[in-house]
Amino acid sequence: MTSEELVIETRGLTKSFGGFQALRGLDLAVGRGQIHGFLGPNGAGKSTALRILLGLIASDGGTARVLGGDPWRDVVELHRRLAYVPGDVALWPGMTGGEAIDLLGALRGSANQARRAELIERFELDPTKRGRQYSTGNRQKVALVSAFSSDVELFVLDEPTSGLDPLMEHVFQEVVGEARERGATVLLSSHILAEVESLADRLSIIRRGRIVETGTLEDLRHQTRTEIHATLARPLDHRARDLLADVHLEGHRLSATVASDRVGEAMDLLAPYGIEGLTVAPPSLASLFLRYYDSDAEEGSPARPDPAQPAPARPAPAQSSPAHGAPEPHGVPEPRSTPWSDAGREA
Amino acid sequence: MSTLTGTGRLLRHLIRRDGRHFLPWIALATALPVSSVIVYPQIFPTEQDRATLAATIGGNPALGLIFGPARDLGTVDGFNAWRCLALGGLLAALGAIFAVTRATRAQEDTGRAELLASGAVGRSSSLAAAVVLALAGSLVLGAVAGTGTVLAGGGAHASILLGAGFAATGWLCAGIAAVAAQLGSTARAANSIAVAAFGLMFLLRGVLYSLEAPEWTTWANPLGWVAETQPATLDRWWPLAPVLALALVLVAVAFVLRGRRDYGVGFIAIRPGRARGRIRGSWGLILRLNRGPIVTWTISFIAVGAILGHFAASVHDILDSNAAVQQILAAGATTPVGLVEEFLVTIMSMIGILASIPGVQTMMKMRTEEAEGRLELLTTSGATRPRYFAGNALLALAAPSAYMMIGGTLVAGFAASADIGVGFRDAVLQAAATVPAVWTVVALAVAVTGLRPGVGILAWAGVLISFTLTILGPTFELDDAAMAVSPFWHVPRVTAESPDLTGLLWVAGVTLVLLAAGAVGFRRRDLGR
Numbered sequence: 001m002t003s004e005e006l007v008i009e010t011r012g013l014t015k016s017f018g019g020f021q022a023l024r025g026l027d028l029a030v031g032r033g034q035i036h037g038f039l040g041p042n043g044a045g046k047s048t049a050l051r052i053l054l055g056l057i058a059s060d061g062g063t064a065r066v067l068g069g070d071p072w073r074d075v076v077e078l079h080r081r082l083a084y085v086p087g088d089v090a091l092w093p094g095m096t097g098g099e100a101i102d103l104l105g106a107l108r109g110s111a112n113q114a115r116r117a118e119l120i121e122r123f124e125l126d127p128t129k130r131g132r133q134y135s136t137g138n139r140q141k142v143a144l145v146s147a148f149s150s151d152v153e154l155f156v157l158d159e160p161t162s163g164l165d166p167l168m169e170h171v172f173q174e175v176v177g178e179a180r181e182r183g184a185t186v187l188l189s190s191h192i193l194a195e196v197e198s199l200a201d202r203l204s205i206i207r208r209g210r211i212v213e214t215g216t217l218e219d220l221r222h223q224t225r226t227e228i229h230a231t232l233a234r235p236l237d238h239r240a241r242d243l244l245a246d247v248h249l250e251g252h253r254l255s256a257t258v259a260s261d262r263v264g265e266a267m268d269l270l271a272p273y274g275i276e277g278l279t280v281a282p283p284s285l286a287s288l289f290l291r292y293y294d295s296d297a298e299e300g301s302p303a304r305p306d307p308a309q310p311a312p313a314r315p316a317p318a319q320s321s322p323a324h325g326a327p328e329p330h331g332v333p334e335p336r337s338t339p340w341s342d343a344g345r346e347a
Numbered sequence: 001m002s003t004l005t006g007t008g009r010l011l012r013h014l015i016r017r018d019g020r021h022f023l024p025w026i027a028l029a030t031a032l033p034v035s036s037v038i039v040y041p042q043i044f045p046t047e048q049d050r051a052t053l054a055a056t057i058g059g060n061p062a063l064g065l066i067f068g069p070a071r072d073l074g075t076v077d078g079f080n081a082w083r084c085l086a087l088g089g090l091l092a093a094l095g096a097i098f099a100v101t102r103a104t105r106a107q108e109d110t111g112r113a114e115l116l117a118s119g120a121v122g123r124s125s126s127l128a129a130a131v132v133l134a135l136a137g138s139l140v141l142g143a144v145a146g147t148g149t150v151l152a153g154g155g156a157h158a159s160i161l162l163g164a165g166f167a168a169t170g171w172l173c174a175g176i177a178a179v180a181a182q183l184g185s186t187a188r189a190a191n192s193i194a195v196a197a198f199g200l201m202f203l204l205r206g207v208l209y210s211l212e213a214p215e216w217t218t219w220a221n222p223l224g225w226v227a228e229t230q231p232a233t234l235d236r237w238w239p240l241a242p243v244l245a246l247a248l249v250l251v252a253v254a255f256v257l258r259g260r261r262d263y264g265v266g267f268i269a270i271r272p273g274r275a276r277g278r279i280r281g282s283w284g285l286i287l288r289l290n291r292g293p294i295v296t297w298t299i300s301f302i303a304v305g306a307i308l309g310h311f312a313a314s315v316h317d318i319l320d321s322n323a324a325v326q327q328i329l330a331a332g333a334t335t336p337v338g339l340v341e342e343f344l345v346t347i348m349s350m351i352g353i354l355a356s357i358p359g360v361q362t363m364m365k366m367r368t369e370e371a372e373g374r375l376e377l378l379t380t381s382g383a384t385r386p387r388y389f390a391g392n393a394l395l396a397l398a399a400p401s402a403y404m405m406i407g408g409t410l411v412a413g414f415a416a417s418a419d420i421g422v423g424f425r426d427a428v429l430q431a432a433a434t435v436p437a438v439w440t441v442v443a444l445a446v447a448v449t450g451l452r453p454g455v456g457i458l459a460w461a462g463v464l465i466s467f468t469l470t471i472l473g474p475t476f477e478l479d480d481a482a483m484a485v486s487p488f489w490h491v492p493r494v495t496a497e498s499p500d501l502t503g504l505l506w507v508a509g510v511t512l513v514l515l516a517a518g519a520v521g522f523r524r525r526d527l528g529r
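Sequence lines, in order, name chains A and B. Numbered according to UniProt numbering, the first sequence terminates at residue 347, and the numbering increases by one at each position without gaps. Numbered according to UniProt numbering, the second sequence terminates at residue 529, and the numbering increases by one at each position without gaps.
In case anyone wonders, no lab produced these hints; they're calculated from the structure. Mixed in with the good hints, there may be bad ones.
Which stretches of chain B does chain A cover? Using the computed rule of at least three CB atoms under 8 Å from a CB of chain A, they are [as the list claims (entries may be wrong)]:
hint: 1; stretch: 266–274
hint: 2; stretch: 375–384
Each pair of labels, with its calculated beta carbon distance range [what the hints assert, rightly or not]:
hint: 3; chain 1: A; residue 1: N112; chain 2: B; residue 2: A484; range: 51 to 61 Å
hint: 4; chain 1: B; residue 1: A27; chain 2: A; residue 2: N112; range: 50 to 60 Å
hint: 5; chain 1: B; residue 1: A31; chain 2: A; residue 2: E121; range: 51 to 61 Å
hint: 6; chain 1: A; residue 1: A117; chain 2: B; residue 2: L287; range: 49 to 59 Å
hint: 7; chain 1: A; residue 1: N112; chain 2: B; residue 2: L501; range: 50 to 60 Å
Just so it is clear, the structure is predicted and the values come from calculations on it, not from any experiment. Even glycine gets a Cβ: it sits at the ideal position worked out from N, Cα and C.
Construct all of the structure, not just a fragment, from the sequences and the given hints.
Have a look at this one:
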């Protein structure tokens, strides 16, 4: 991918707050027209990275390019070409949502009035209420309507749906999809894995201030293990254990995992035992993330895919086909104290 | 289930959660009379001192606006009653109003009350618990203040009656706030209604006393009833009876209203606002956000100008009754005209220091915008940092200049009409000459918010230093080097034959450096939230 096609590109970005190193050499690349999921545990540096890209804070080292410009020096020109939705939207207590939408739109200078009206309708937002009357979700809707009614090239979304109900979450996904159809690029930081799974073309996972993994969801899935649940006519003997891991046998019922590129071999292996029932589930996002978030070793991140290998512009939607049937856990994995209470604060 | 089921449980919960909010009000309302009875004998040890005090203060209608009539300043209890009855009542009133609103309307606003309301509690029980909390809090406030004053050396009867006056005012306002919580649809609206009702009564009492209006006007005002207990002079308890009766009537009205409204809404519905905005840029937004303060400060400075103007007009009476001044004049150290001019400079400096407060406030508001994350929304939408900062700084400098000139012009008008030896034009010029010093104080706040918003409290340093040095400094007999730290020390006396303007140049130089530092800092630093 050449640099002209990259809407966002950072190299070796560093930033410290006092003694705390929030970013330790962040390399992030987002191509034009992509919806790029940006994931990582709390405190990993997601918001810090976004705030540098938005020109709100200056980096200590490394380079950052946004829409071909320097986010710190060319800040004003860039802000007219992008829209930002923070996770915790603060509105002016005495101003109505409609007034806030129009103020932000006027500053950006590209508000599309027809789309503004349509989005207010779809998000079921009452624009005559004042900032102090809105709930968290409604404040987010104000920021979303303001952002997506603008004709901008880049949307930077920092956990934009944490307060939305499932119905509005669905509207949000539609709206993001439409923005992509208009050719916009979206950088989406989110904890809602189902959202990332259904929207993102590519993912970058950040941990302790570095990108530890980047690629399509398929790329990531291939590096992890597929779950197999089978009911067998005859019990399994030891021979099979070389290929399978995490084997759990309960009478005739087997659950185990297999490397994703060796699923076929596993089927061959199980067939002689008389398969009476079978589900094969690709690794869930939740288990993928727990794997990345959970690794304790500083440098012990999983092997990265070849960065030179170009990603398909629009991969097949990454989801478990109905044939596999295993219910896939959606949403945020159950918080476990260690991986989620990662180093320090999210600035 | 009765409408009051579960009140006891709610009350225990409230006391645990909100009880501590009463502590600052109790502490202030106690410190006020305790400090009076301790300090009075030291500052006014002799009969003659006390007579002078009674003459100067008794004749000053401006002070009467706040404190009411001075009935007997010759005794410690009389002085205490004059100084504390109205102010202590104000503290109890605010404590009670905020307690009731916090436990009723604010709970409905945040939806927290929903959790409780859906449990086994009656519809009116949260109101009942809130009222009981406010009544008990006011009672404790009055008891602690009264007892503390007695222990500090106040007369038993007068001090306890004074404390009872505080408590009664608190009860009255608990009733007002209980009604207001049914009328307003948000905590803010409820607080505004209650505080406005109390403020109106408070102002009317002061104004009517100062104007020596007919006696019935006092009795038409519930706060007048509290004042008419006249601790230390008449020591009457009975005027408190109608206050308590009115408080109970108000509480009863609140319960009737509560029974007739739905959860979460008040009788005064929130008007829907505009669906479309007219503000198109950051300067428009800054004006809009500061609109409320601009209106209230303008009114305040009209009042300040009128009060100080009145004060200036009676300067001869004040000087004549001051023995120390008479001695200085007799010794030929200065002339009466010189004294009056000096006095005018001081009054203008006072207005200037007051006027710098709204300027600092504007910058602190910008700091709040940043800290609460609204600035980040604005700048990432295309508002530029220099323009946003300049807009705030400009307003922070311009509004105080206008306030200074409003107050100064009013003082000039009063002074000129009273024929005290100062012309209108000179007085207005003196006000204008004070403006650059105001700018310096505000510029410090501009520099702090631009460079290091984390130490926002430093933004107030200019106000504090100016007040300490310029208003209190002369009585501490500080030397000029220390006094010169205050920008107001450099304000020239325009009536002098050849006014010395070098001070103004210094002040202007410092101001420019501070403004530039703030602007550059704001451009370069990280925006926080």
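Are A31(B) and E121(A) spaced within 51 to 61 Å by their CB atoms?
-> holds, 58 Å
Should the hint that A117(A) and L287(B) are 49 to 59 Å apart at their CB atoms be regarded as holding?
-> Violated, since A117(A) and L287(B) (Cβ atoms, about 28 Å apart) do not stay within the stated range.
Verdict on chain A covering the stretch 266–274 of chain B, where coverage means 3 or more residues with a C-beta closer than 8 Å | Answer holds; 4 residues pass the 8 Å Cβ test.
Look at the Cβ atoms of A27(B) and N112(A) and judge whether their distance stays inside 50 to 60 Å.
-> The hint (50 to 60 Å, Cβ to Cβ) holds, given that A27(B) and N112(A) are roughly 57 Å apart.
State, for the Cβ atoms of N112(A) and L501(B), whether the hinted interval 50 to 60 Å holds or is violated.
-> With Cβ atoms ~57 Å apart, the hint holds.
CB of N112(A) to CB of A484(B), is that within 51 to 61 Å?
-> Check passed, 59 Å falls within 51 to 61 Å.
Three residues minimum, CB to CB under 8 Å: does the stretch 375–384 of chain B make the cut for coverage by chain A? Let me know.
-> holds (count 9)
Hint violations for this structure: number 6 only, all remaining hints satisfied.
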